[in-house]
Amino acid sequence: MNDVTDTSKIKAEASASAPASNKNDVILEIANISVSFDGFKALNDLSMKFMRNELRCIIGPNGAGKTTMMDCITGKTTPDEGTCTFNNTVDLSKLSEAEIALVGIGRKFQKPTIFESHTVFENLELAMKTDKTVFFSLFAVVDDVMRDRISETLKTVNLSAHADQLAGRLSHGQKQWLEIGMLLMQDPQLLLLDEPVAGMTDDETERTGELFNSLKGKHSLVVVEHDMDFVAQLKSMVTVLDQGSMLCEGEMAAVQSDPRVIEVYLGR
Amino acid sequence: MSNARTPFIVRFFSATGRTGWIAIALFALLTIVAVPVCHLMFQEGDALFISTFYVTLIGKIMCYAIVAVAMDLIWGYAGVLSLAQGLFFALGGYAFGMYLMRSIGLDGVYKSHLPDFMVFLDWKAYPWFWAFTDSFVYSIFLAIAAPGLLAFVFGFFVFRSRVKGVYFAIISQAMLYAFLLLFFMNNTGFGGNNGFTDFKRILGYDITSPEMRATLFALSSATLLFALLFGRYVVTSKYGRILTAIRDAEMRVMFLGYNPLWYKLFIWTVAAIICGIAGALYVPQVGIINPSEMATANSIEIAIWAAIGGRGTLVGPAIGAFVVNLSKSWFTVAFPEYWLYFLGLLFVLVTLLLPQGLVGLYQQLRARSTR
Amino acid sequence: MLCKLQFRFFSPTKILRTAILLPWLAAIFSMPVNAELIEGFPLDPELVHQLNGDGNKAKTNAIKQLTLLATPEAVQVLTALAEDRLMIAGDSGEILIRMEGEKAFDATSGKEVSPVPEDMDQVYPNNRVRVVLNTSMSILKLFDPNQEIRLEAAKQIEDTGGADEMFLPIMDRVLAKESDSEIKEIITLVKAMIGVKSTDPAVRLSAVKDLGESDNPDIKLKLTEMTDPANEADSSVRAAAEESLASLEQKILIGETVTRVFTGLSLGSILLLAALGLAITYGVMGIINMAHGELLMIGAFATFVVHDFFRDNFAEYFDWYIVAAVPMAFISAAVVGVIMERTVIRWLYGRALETLLTTWGISLILIQTVRVMFGTFNQEIANPAWLSGSVEVMSNVNLPWNRLIIIGFAVAVLVLVWLLLNRTRLGLFVRAVTQNRTMAGCVGVPTARIDTVAFALGAAIAGLGGVALSQVSNVGPEMGQGYIVDCFMTVVLGGVGQLAGTVWASMGIGIVTKLVEGGLGAVFAKVIVLAIIILVIQKRPQGLFALKGRTAD
Ligand SMILES: Nc1ncnc2c1ncn2[C@@H]1O[C@H](COP(=O)(O)OP(=O)(O)OP(=O)(O)O)[C@@H](O)[C@H]1O
Ligand SMILES: [Mg+2]
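Chains as they are written, first to last, in our numbering: chain A, 1 to 268; chain B, 1 to 371; chain C, 1 to 553.
None of these hints come from the bench; they were simulated from the model. In this text, all values refer to a predicted model and were calculated from it rather than measured experimentally. It is possible that some hints are incorrect.
[Unchecked claim] Listed next, with one range per pair, are the computed distances between beta-carbon atoms:
id, chain 1, residue 1, chain 2, residue 2, range
1, B, 370, C, 449, 43 to 49 Å
2, C, 521, B, 352, 40 to 46 Å
3, C, 228, B, 122, 52 to 58 Å
4, C, 378, B, 203, 41 to 47 Å
5, B, 122, C, 316, 33 to 39 Å
6, C, 521, B, 198, 47 to 53 Å
7, B, 352, C, 378, 29 to 35 Å
Using N, Cα and C, we set each Cβ at its ideal position, and we do this for glycine too.
Please work from the sequences and hints to get the whole structure.
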């Protein structure tokens, strides 16, 4: 994938504020966040760090708080306590959802969320990294550079044949891919992917794994998944969440043999 | 492989297809040229004569059609059902009505500089918000600014707190109701119950003259066409696509970096302004504006015009406005007591059986016949 | 206030004292007035003859003197004068009291005169005299054993303001024997009002102080006058007047606030009754029923029909038509609800905006139908007698019975609805269906039937609201339209699906409306309440009491 921002004349909103060269710096730090819903603690004093250009998997039983964690990062839920810091400088709790997206965080929802009454092409067009103000949108046009970029993404997510089809007509797996494609169009520094391969065939799952592996190193990815084979395929660090707190962290093999993990998955 | 932007004018023209332009041209010819000419050149009894009654009726309905187009912009495309469009319409009407009241001059019943109702209340001077309304240009500005500003402020707060759907509809109705009550009061300075009426002239010309009537008619038609074209451009732009995207999946739009607040606020304000302009055109044609224009029933009826014609089609709602209002004027003469039954059934049947409206029905039928 | 009331009724010592002091006066009033004269005559002949003296002055003076005597004989004579039974014999010039059965008694000696003289003229009190006579009679009634009559008389004296300095001694006597604190209060007040006109500054001073004890708004003007040097020369009286005025104003303020809060509560209960049905159809089922106002209207018209039926057929039980109207309204609104649900709403579950439009259409049809059946105009509905009248809590706070009963009715309906939703199988089913229709269907809940029943229930409760409305507002085909915005505001403010929220919201809206109304007028009150609601929705878009749930967006 070529980096379009260099070539296009489009002004990118608040984008990368940190040096991309330093491979070991922290892109996102979650510090002591807690969230409760009417007394129920969905997240309990959770702290985590994600490195730049790292791929990280998060697993955990249902209701562990994985989605809630993403909600906190992206501003959908305001944590009762704690902070999320992006690029060491940006305090995400001060920003709205849209602003957080503009700083460079993209998110795929657990339930695929796309624009069903738009075509696949239009879905990608709307996701594209450009000026997102009303005035700009009123007069925006799709030029050839953008068109190229969209068709490239279409190819990446295997939807070229469906470009002009209404997105609502796609299969579940294709919708997942379209949403991933939209994320790619957004060109964020950090991608949060909530159960990206749910509802995909094994074949599709494997292709998705390849795609993520190829993104590794260019973007930071956080993948929440229940599909252990898929997680194994990504060969990354794995964090286990349970009851709103971190249970353990490590390589897939190590995590899988951890008795606490076995307990939470099988014990109850 | 050019990076150059397509010129605006080209995009504007491509927003409407060829048949669309032909239809527009025909409609313009008919309403801006033919009807006024027939009204002015022929006499009662001539085959081509168009009576005052019909010119006023159609002119009035064209103003309604403009409102219906505005309704479609916010309801059909942005998914925001407003039950307050009648308020913006009335505000535009009142703003221009202020000018009309002042140009009555000394010809009122009390032969005063002040409108009769102020004399009646024993007021000695105009209240502050009547300042400059003796200027035609300013009152036109006011007809745009008052609904625009109100819509902007209301919309800002309501959209910011993410009120939508049914909640929005109900809250907008509450606002409408509050204004209805305010305007009903005598001491608000808008003539209370009776509103403004007995207008005499616009820019010095007799308001009841055939020429004036023909001019207003042509202006209404031009405004309707403009609203349609403008709407067409907006909804086919990227902005329009984002608007429907917000309607379908607001979260997704936000996480793509768009702030739905401004997107909704823009179209909401624009729709209010369009309604205001329609109101300003309406008042001189019907010769009266009073708070009944703000009745809740009127604003809900606007929604049914849009639904009947077909939401999200722009032309549809305009057609809907014609269908409903022509049947209204026929019913209220032929079977006055059945009009409400008809209108009520229309509400029920259209939502149950004709969710795509007349335009949708037409498209379905055509799709079936070509297949 | 309540304590005072109870104290008044249950103080045994006072009752005892009254009983010992006044047996003789009680005796006069308990005997049939115009049968026989009782002992105790003679009266001063000069005084009696003055009743027919020259000029009003002489006559009124005589009346006052007789009043001051307050003896049974004097009462007899004055009563005769008031009832046009005091005659003057043409031949002897004696004043006679004419009695039933063609008897006559000498007004001075009390002896029967027979034969009754042929030629008698009535001692005719002209209007000026009659005013004084009325005051006198009222004052005499203050000795009646019946507390209600005494109270009535006291109020009359206060209202007419006819009493003057001459009556002060008898008022002191009244105060000395009176046990009822309310009557005492009034008489003290009357005395004070007389006292402030006195030429003696000391009398004025004590009168002004007495006035400060009152909570009667009518006195404010008098006291304000007395603070002005132009009207009151004595500075200590002026100072006392200031003080009294301040205390009076405070009491008036408290009274007004209490009244407003009460009317606010009653408005709130009306809102609650109107909105409760909506809390089910909208709050629980998610249907925007714009015909809700028309269901209220149908309830009111059902009441009207029952009202007319009772008037024409059971006039003697007319006062109880309202009791029969309650089930009638419930059933008729429920029937309309069932028809609406079966024919239209059933196809629109989950499409709130569509239900809004269709139900609006239905509301038009209902309005027109009622117009065709009953005419376009408002109908006359007479309140039952037991609903009229009011309870006086303070002299400036009257709580009308109909409002009190509406509050009680609202509470009863609320409790019923709550029990129905939370304590019955039906309620369980309704909640199950509205939370997860498919799942409820899978576990065997008859979803379609539950929908119908739930909607009919909401409609029926609106019908009950209509019964209440018929007692406080106009009953006409368009009456429902005025309530729809209020109802929705109430439900939205309270939080969808929250009965408790609806209760708080309706009471809050009611009280705030009435409090603001006092200062700014009804329209602004309404506008301000709407503005407040819009602002609240800003902070809590799901309403005040909504749970922070997953369904929240
Ligand atoms: N808005 C909300 N209101 C109430 N409870 C919530 C809300 N959001 C999440 N929860 C609760 O918080 C807990 C954590 O939810 P979350 O969606 O984060 O879990 P998860 O780890 O993503 O589970 P899954 O693997 O099933 O997606 C759950 O018990 C859920 O019911
Ligand atoms: Mg989840």
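Now the hints, each set against the structure:
At roughly 45 Å, the beta carbons of residue 370 of chain B and residue 449 of chain C sit within the given window of 43 to 49 Å. At roughly 43 Å, the beta carbons of residue 521 of chain C and residue 352 of chain B sit within the given window of 40 to 46 Å. Look at residue 228 of chain C against residue 122 of chain B: about 30 Å separates their beta carbons, and that is not inside 52 to 58 Å. Under the hint 41 to 47 Å, the C-beta atoms of residue 378 of chain C and residue 203 of chain B, about 45 Å apart, fit the expected range.
Checked against the given bound of 33 to 39 Å, the beta carbons of residue 122 of chain B and residue 316 of chain C, roughly 54 Å apart, lie outside it. Taken as a hint, the range 47 to 53 Å is violated for the pair residue 521 of chain C and residue 198 of chain B, whose Cβ atoms sit roughly 29 Å apart. A C-beta distance of roughly 34 Å is found between residue 352 of chain B and residue 378 of chain C, which places it inside the suggested range of 29 to 35 Å.
Hint violations for this structure: numbers 3, 5, 6, all remaining hints satisfied.
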